[in-house]
Amino acid sequence: MELLDLYLALFASFFKIGLFGFGGGYAMLPLIQREVVDVHQWISVNDFTDIVAISQTTPGPIAFNSATYIGYTTVTDMGFAAGYGVLGSAICTLAVSIPSLVIMTVVCAFFSRLKENPWMRAALSVLKPAIIGLIASAALMLMNGNNFIDYKSWIIFSVVLVASIKKVDPILLIVLSGVAGLLLYPMQV
Amino acid sequence: MIPLIRNEVVNKKLWLDDSEFMDMLAIAQSMPGPIALNTALFVGNKRSGFKGSIFSGAGVILPSFIVILLIAMVFTRFRENHVVERIFRGIRPAVVALIVSPLLGLGKSAGVNFKNIWIPLVVALSVWLLKISPVYIILTAIILGIFHFIHVKQIMKK
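First to last, the sequence lines map onto chains B and E.
Numbered per our numbering, the first sequence spans residues 1264 to 1452.
Numbered per our numbering, the second sequence spans residues 330 to 487.
Incorrect hints may appear among the rest.
[Claimed, not checked] With the Cβ distance kept under 8 Å, some of the chain E side facing chain B (calculated, not the full set):
1) Pro332
2) Ile356
3) Met360
4) Ser393
5) Ile416
6) Arg421
7) Val425
8) Ala439
9) Gly440
10) Phe443
11) Trp457
12) Ala470
13) Ile475
[To be verified] Using C-beta positions, here's what the derived DEER-type ranges look like:
14) B/Ser1421 to E/Asn410: 38 to 46 Å
15) B/Ala1272 to E/Asp346: 43 to 51 Å
16) E/Glu414 to B/Phe1373: 29 to 37 Å
17) E/Thr469 to B/Pro1322: 28 to 36 Å
Simulated from the structure, these hints should not be mistaken for lab results.
Computed from a predicted structure; not experimentally measured.
For each residue, glycine too, the CB sits at the ideal point set by N, CA and C.
Use the sequences and the hints to build the structure in full.
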């Protein structure tokens, strides 16, 4: 059963992403990219970057968004009907949420003891700065020849970086970069 | 997203008071998984146990599930389209810029300073260049933190 194997592999990957996704948001990106682009090659790095772009312009956590998107596209790309893709989506989204459900159930039971626990603070003391490194690596992993095709890419990158530090709305910046892409890259013949 | 959650949970529904909310947020951010999901699961569990967390979890997952599923269904048809490809050529470098820009602020709030800046640097380089799995990085960081704590405790005893 090719489809069942694919479902199982998707479930295992997204369960792992949910279980080790410390720091939320961008900190989870290197883990997701490693699983879906490098290890399983379910999607290309370009597609992955596009999912991140979609996540930046829609509400909702990036881990869910990539689970839902990848669950659908990997199944349909292998030639299965859209209904199986929806099921793949649901499997991935569920898989990424289950670790949180288990962990938060335990946390709620021991909340008063965990609150000021020195051991927990100790475990987080190195993890917190490490998470900053994970976010930086997410950016570095996406700065490759597939996403940065020429000098124009670097111009867009620099302008958006400065504008974003100056607190320009990220959704507006994504839209403007899309327009820039249309204007800067001529129609292919 | 956090001010939105706080307004709903603390101000409107009175499910938690402000200090409970802050404690909960600190824990939800320290645990793996999306912060919005962890927060929802916590509030659901506090109000009506495990069943409550199932419902609050479903509530936070479903909207993005539906939106992204629709986008996936539509987008897969236009992926090869030239116009869409040109638009995304412009967007991809912007995506990376938006990941880089909050780094300084996040670093400050995570307590990164000149003494421990080697930690994010080593992590970034080993994941990017040496292709070490973030799973090992996370496990190592947790173990190092605990060892450091034990070490400091022993020095304090002497």
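Here's how the hints hold up against the structure:
{"no.": "1", "hint": "Pro332", "result": "violated, 13 Å"}
{"no.": "2", "hint": "Ile356", "result": "holds, 6 Å"}
{"no.": "3", "hint": "Met360", "result": "holds, 5 Å"}
{"no.": "4", "hint": "Ser393", "result": "holds, 3 Å"}
{"no.": "5", "hint": "Ile416", "result": "holds, 4 Å"}
{"no.": "6", "hint": "Arg421", "result": "holds, 4 Å"}
{"no.": "7", "hint": "Val425", "result": "holds, 5 Å"}
{"no.": "8", "hint": "Ala439", "result": "holds, 4 Å"}
{"no.": "9", "hint": "Gly440", "result": "holds, 6 Å"}
{"no.": "10", "hint": "Phe443", "result": "violated, 12 Å"}
{"no.": "11", "hint": "Trp457", "result": "holds, 4 Å"}
{"no.": "12", "hint": "Ala470", "result": "holds, 4 Å"}
{"no.": "13", "hint": "Ile475", "result": "holds, 5 Å"}
{"no.": "14", "hint": "B/Ser1421 to E/Asn410: 38 to 46 Å", "result": "violated, 28 Å"}
{"no.": "15", "hint": "B/Ala1272 to E/Asp346: 43 to 51 Å", "result": "holds, 44 Å"}
{"no.": "16", "hint": "E/Glu414 to B/Phe1373: 29 to 37 Å", "result": "violated, 51 Å"}
{"no.": "17", "hint": "E/Thr469 to B/Pro1322: 28 to 36 Å", "result": "holds, 33 Å"}
Hint compliance for this structure: hints 1, 10, 14 and 16 are not met, and every other hint is.
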